[in-house]
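J.: Chains as they are written, first to last, in numbering that gives the first Met the number 0: chain A, 0 to 360; chain B, 0 to 146.
In case anyone wonders, no lab produced these hints; they're calculated from the structure. Since this is a predicted model, take the numbers as computed values, not measurements. For each residue, glycine too, the CB sits at the ideal point set by N, CA and C. It is possible that part of the hints are untrue.
As the list claims (entries may be wrong) - Covered by chain A, according to a simulated footprint, are these stretches of chain B (three or more residues, beta-carbon under 8 Å):
hint: 1; segment: 27–37
hint: 2; segment: 82–88
Stated by the list, open to error - Pulled from the structure, derived: some chain A residues nowhere near chain B, Cβ distances all over 12 Å:
hint: 3; residue: E38
hint: 4; residue: H50
hint: 5; residue: T79
hint: 6; residue: E109
hint: 7; residue: P174
hint: 8; residue: G199
hint: 9; residue: Q237
hint: 10; residue: E253
hint: 11; residue: G254
hint: 12; residue: A282
hint: 13; residue: R325
Said to hold, decoys possible - Derived SDA-like pairs (lysine to any residue); straight-line CA-CA distance at most 20 Å:
hint: 14; chain 1: B; residue 1: K142; chain 2: B; residue 2: E3
hint: 15; chain 1: B; residue 1: K100; chain 2: A; residue 2: R31
hint: 16; chain 1: A; residue 1: K165; chain 2: B; residue 2: D122
hint: 17; chain 1: A; residue 1: K165; chain 2: B; residue 2: E126
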Amino acid sequence: MSDQTALNIEQNDSNHSRKTLIDNIKICEERRIDLSIVEDIFEREGIEVIHRWSSLTAAAASCGDEAATNIAEKVDKLLTNHILYDDKLIMILDRLFEDESHEFNDAFSEIYSVDEAFSDSDYIADSSYDVGNGVSIYCFKIVREISERKELTESDLGELASVLDKYNRVIGYRPVKVTCYDAVIVDTTKNRVILQLDLGSIVLANAVDKFFHKLITSINKAFDVAGVTNCRLLEKIQFENLYTAIQKFYDNEEGEVTSASFSTSKNNHHETLRDRARDIRKAEYHLRGKAAEEALGGKIRPYRISKRFERATNKWPQVYAGVHYRYFNKPGGKSLYEAHIFDINSYKDYTFMIDKILANR
Amino acid sequence: MNYEIKNSYFHKIIKAQKFSEFSDVGYSCFLILDHLIVAGRDREVSFSFDELRENVDERISDEDFITSVFYLTREDIKILEQGFSAWKTVEDRYVEVKKEKVLRMINSKQFSHPYTGEELTEDQFYEEVIPFFAVTKFFLDHKNDTI
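Let's have the full structure, built from the sequences with the hints guiding it.
T.: In structure tokens:
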């Protein structure tokens, strides 16, 4: 190979990796990753950017090769961890028999090897990962349409801009297509299977059941197509009931409660952290209200709660679990099969959070 | 307006400041300080402009009140510090934003949402990014000192 050809290839590689970096930044934006996190990656490489996504893609196109390589590596890691672990709605099948978890693992490997397994479905068997310690992740890609809220400006409104003379704010909703990576995580060491919906923060509460049902039925169909006869994902009632975790998250002192809706003998309350506060349970007004309720013989009964746990210094993965107030007030046994986990930056955060949820069930 | 200046370290600091005799900034500082000595229990308690205003004589103009709040944030006074919060969808609540980022946007006049990056006009920015005030560690360490 001549030197000139070698140089061309190098330039092509550089262009290719920059294009991948720019594409990945756009995916970060599409996935609603906090802009500050991506911005910090640039700033740690000494590249000043304006606080906008477009400024990051422009900097990615123009910065030096070494900086671009370092940034690309970090953005790729951030994005991979976000796709696999962060902002997920999860359901857990726990305490499987050892051979069951192995059978699930074999079954998922099987459907990945059969091209038509998802031919009848909106899902695509996208990628699988062996993360070690007997844990495999199987990702299923699907495009979801969500409704995005936007405050409309003069330029959005065009000829209709005069409505802004009458109204202070005009809000529009538009359908936006987002690529999601739902997944199944099979842990053959802990004998656990976790089902997860991607981008839990944009899934509307009334769509959660429908989306999980679709994932379960699509996978079961794929098992059928691939000739897997010894495995089926069960309907949600077979998954871990996390309903009691709502009260336990409140009662157990460890960690910090960042928001909660709760009922007392006199009223319903919603409390959420403000600004620099760390735990709503430690706020003076909360302690006063709690003492008054306990003096009446009652207690704080949360029906929605968000809690974070410190895994390591400055690493605080969070979980939300909750039900609708109407359901909370119905008599009889209650169930809750899903939780939303977020601020999960690594596999370590993820397993730590799952263990915390199960310890509180 | 009658006000008896108390004997604390911070009252003395404010008393020593030279305020215009035509403004109520000093008086407003004292009233806010009195409130903070009781309500500013720790650095996690925060105050909005409205909450601070409720503790200041309504005869004091808004302009003097706002000046007094920022006066208490001055480096040589060190009673209050300003912070900013913005809505973070994934957490479903307002979360504190790094102050440098907010100040950089204000200085450059290029505004966007601190978490989503959505471009905003200056007016939209001030609606989305909410200022708050909290007492400083220095204040907590010395609020009960007397002179």
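J.: Hint by hint, say whether it matches the structure.
T.: Results for each hint:
1. 27–37: violated (count 0)
2. 82–88: holds (count 4)
3. E38: violated (8 Å)
4. H50: violated (5 Å)
5. T79: Holds, because the least Cβ-Cβ distance between T79/A and chain B comes to about 18 Å, which exceeds 12 Å.
6. E109: The assertion about E109/A holds, with a minimum of 35 Å to chain B.
7. P174: The assertion about P174/A holds, with a minimum of 17 Å to chain B.
8. G199: violated (8 Å)
9. Q237: At about 29 Å from chain B, Q237/A clears the 12 Å cut-off, so the statement holds.
10. E253: Fine: 18 Å to the nearest Cβ keeps E253/A off the interface.
11. G254: Holds: least Cβ distance 15 Å, greater than 12 Å.
12. A282: It is violated; A282/A is separated from chain B by about 8 Å at its closest Cβ, not greater than 12 Å.
13. R325: holds (20 Å)
14. K142/B / E3/B: holds (17 Å)
15. K100/B / R31/A: Given pair K100/B, R31/A holds - Cα atoms ~19 Å apart, limit 20 Å.
16. K165/A / D122/B: It holds: about 17 Å lies between the C-alpha atoms, which stays within 20 Å.
17. K165/A / E126/B: Cα-Cα ~19 Å, so holds.
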